[in-house]
Amino acid sequence: MTVYGLDYRPGPYQPTTRLQRLWPLAWMEFRALFRHKWGILLFLFCIGPAIVRLVFLLVWLGVLSFDGRARHVAHDVPNEFQGFIPTNVGFYVEPVVAMEQGAFFFFLLLSAMTSARAIARDRGTNALELFWTRGISPTGYFLGKWFGSFLLLGCMTIAAPVALWAIGTVLAEDWSFLTDTVAFMPRVVLGLTVFTVVLSGLSVLVSASSSSANVAMILWCGLLAGSLALSGAMWGITHDDQCRQYSVFECASTLARACTGTLPSYASVGGALAELGGLGAVLLVIVRRRLRTTEAIA
Amino acid sequence: MTVELTDVVIRYGRHVAVAGVSVTFPAGAVGLLGRNGAGKSSILKALLGLVRPASGRMRILDLPEDARPEEIRARVGYMPERDCHLPGLNGFEMVSLLGRLSGLPERDAYRRAHEVLYLCGLDEQRYRPVSGYSAGMRQKVKLASALVHDPQVLFLDEPTNGLDPDGRTEMLELVRQLAKKLGKSVVFSTHILQDVEAVCDGVVVLEQGGVVAQGSLAELTRSNERRFVLQVEPADLQLQERAIPGVRLKSLGDGRYEAEAELVVAPRELFAMVERQGGLVRELSLQRRTLEDVFLGAVQGSGAVPGQGAAAHNGVAP
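Sequence order for the protein chains is A and B.
Going by this note's numbering, the first residue of the first sequence is number 1, and it counts up by one from there.
Going by this note's numbering, the first residue of the second sequence is number 1001, and it counts up by one from there.
Please note that the accuracy of each hint is not assured.
[Stated by the list, open to error] Sample of chain B residues lacking proximity to chain A, with all beta carbon distances greater than 10 Å (derived):
1. T1006
2. V1009
3. L1050
4. L1063
5. P1069
6. E1071
7. D1083
8. L1086
9. R1100
10. L1101
11. A1198
12. V1229
13. P1245
14. V1265
15. M1273
[Said to hold, decoys possible] One-sided excerpt, in silico: chain A residues whose CB lies under 8 Å from chain B:
16. A32
17. T125
18. A127
19. F131
20. R290
21. L291
Simulated from the structure, these hints should not be mistaken for lab results.
Ideal Cβ positions, reconstructed from N, Cα and C, are used throughout, including at glycine.
Work out the full structure, taking the sequences as your base and the hints as a guide.
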């Protein structure tokens, strides 16, 4: 065997801080989806609603004009369609959080294929042993994975709406678009960030408590879709709108809407916090057992 | 001294995995031997800061005894026994990422990843996904990952696991180069005694959570007796077992005898003894005391193993 001993040099360096070491982990997690063409296609599919909104925006701005009266028509839309007007909060928030607009499906699809697999996939290839014998702690590892997942999901839930707003601001004929929207955009960003942090955190917790990537995906889909089915069944029996909040996704939506000031009358922020907090606490207990360093070496 | 353990006790609940081990791993390659459950992995876990000892003291390099586990792991390299890789990454990405997680800045991590992959003979395959690597290449990429942040101390857990004879020879040669030419301190945990003999200068033998033998390989395999194997003619010749003072003969059948002789006994005395009893020596070979003898002698206590008694005066701690 050839040993290339002469090329191996001692490498003096200034070690990075513990916080700096988490960034490459997060960046690797963020990039994981884009390493394959199917991942890129999946991402493009999942930001489909934002692309549709972009068409709405361009029509509303008059950049795309089918009959030359798009913006004029927009003033006459009924209340149910106010969410399609780019100067309203709902234009940016509802495509991400509203069950009726397919947000649930796209979020479930992307999160199940990415954040729900993040840690379970590493466990499947014994990569945890490699990570935990490095200069990071299990908590740091978890946070790195969470942040990477947050960035990826945030592309769909935060960056896309903000990009729409930025495009609208740039393409608008005057400053009126900016003046009409600048007041609520920080709240929109805050609400969508809370929404993404909560759901990406839960999905990574599910991933960390699962034995394999497939089990994690099934558990996460079961949690989101199961709670949605339960809430739908309860609503069907009682016709009480509060039953909708049994859904984990709806709880996160409630927090986002609370931040943006579009909370429906039936929604309870306290109830959503209690449900998400309880779920997170249970998962955290399981994860603390599953991510013990003593398990790192066989 | 690179690694020192003093009265280290490791418990898992009520089970004592390591019972008061005191051992020093000097610079160079040291074999950590022991049967399953002897405490090898527990000691490695403790050294890596993954398990907190119930009592005792540990020192690694110049780090303080209360150093954070992350600080310790950033200074040592660990090659796991199990097959493991980072899903979806190629060899270069895996090694550079693990380097950055050990505290290397980005540019240094990239440079070092190229260097250690070259050192380990993976320069041609570094951009291939690790999931497609052969068993030998996976072992090499794990070794490259352990080396990327230039640790002074390397813990290698069964590095020749699953390798074919060529791959095993390559890996052992590489480890030998690391210890001899690059001055790394290597703690080589394995079941395969021949690997230790091929690579290590020193040995620590563990049994039931305690150290039963430690010292340099030369010291441990040295003996105050020599062992010969004789082939005599005629094959049915019956030699007297105590024909020469200081020699014990044991028949192995078919005219073969094993002779354990004190160092003062010359081989020609064996020839003469056989001639006196009406036979001829057709073959005589000197058997060296091997590490296997040392290991079996240490873990089984006194018994029929040649030279095992020497373990007691070569640093055995009961």
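Here is how each hint holds up against the structure:
1. Non-interface call for T1006/B relative to chain A: holds, since the shortest CB-CB distance, roughly 22 Å, exceeds 10 Å.
2. Once the 10 Å rule is applied to beta carbons, V1009/B is consistent with being away from chain A; the minimum gap is 16 Å.
3. With 10 Å as the threshold on Cβ separation, the claim that L1050/B sits away from chain A is violated: the shortest Cβ distance comes to roughly 4 Å.
4. No Cβ of chain A comes within 10 Å of the Cβ of L1063/B; the nearest lies about 13 Å off, and the non-interface call holds.
5. Look at P1069/B: its CB is around 7 Å from the nearest CB on chain A, not clear of 10 Å, so calling it non-interface is violated.
6. Once the 10 Å rule is applied to beta carbons, E1071/B is inconsistent with being away from chain A; the minimum gap is 7 Å.
7. The beta carbon of D1083/B is not kept farther than 10 Å from every beta carbon of chain A, the shortest such distance being approximately 7 Å.
8. The Cβ of L1086/B sits about 5 Å from the closest Cβ of chain A, inside the 10 Å cut-off, so the non-interface label is violated.
9. Listed as a non-interface residue, R1100/B fails to keep its Cβ farther than 10 Å from every Cβ of chain A; the least gap is roughly 4 Å.
10. With a least beta-carbon separation of about 4 Å from chain A, L1101/B fails to lie farther than 10 Å from that chain, contradicting its non-interface assignment.
11. With a cut of 10 Å on Cβ distances, A1198/B stays outside the contact zone with chain A, its closest approach being about 13 Å.
12. The Cβ of V1229/B lies farther than 10 Å from every Cβ of chain A, with a closest approach of about 34 Å, so its non-interface assignment holds.
13. Under the 10 Å C-beta cut-off, the non-interface status given to P1245/B relative to chain A holds; the minimum distance is some 50 Å.
14. With 10 Å as the threshold on Cβ separation, the claim that V1265/B sits away from chain A holds: the shortest Cβ distance comes to roughly 42 Å.
15. Interface exclusion of M1273/B from chain A stands, the closest Cβ pair being 47 Å apart, more than 10 Å.
16. Proximity of A32/A to chain B holds as hinted, the smallest CB-CB distance being about 6 Å (cut-off 8 Å).
17. The criterion of a C-beta within 8 Å of any C-beta in chain B is met by T125/A, whose closest approach is roughly 5 Å, and the hint holds.
18. Interface hint status for A127/A: upheld, as the beta-carbon distance to the closest one in chain B is roughly 5 Å, under 8 Å.
19. Below 8 Å, beta-carbon pairs count as interface contacts, and F131/A has one with chain B at about 7 Å; its hint therefore holds.
20. With a cut of 8 Å, the hint placing R290/A at the interface with chain B is violated, because the nearest CB-to-CB distance is about 15 Å.
21. Checking L291/A against chain B by beta carbon gives a least distance of about 12 Å; that is not within 8 Å, so the hint is violated.
In this structure, the earlier hints numbered 3, 5, 6, 7, 8, 9, 10, 20, 21 are contradicted, and the remaining ones agree with it.
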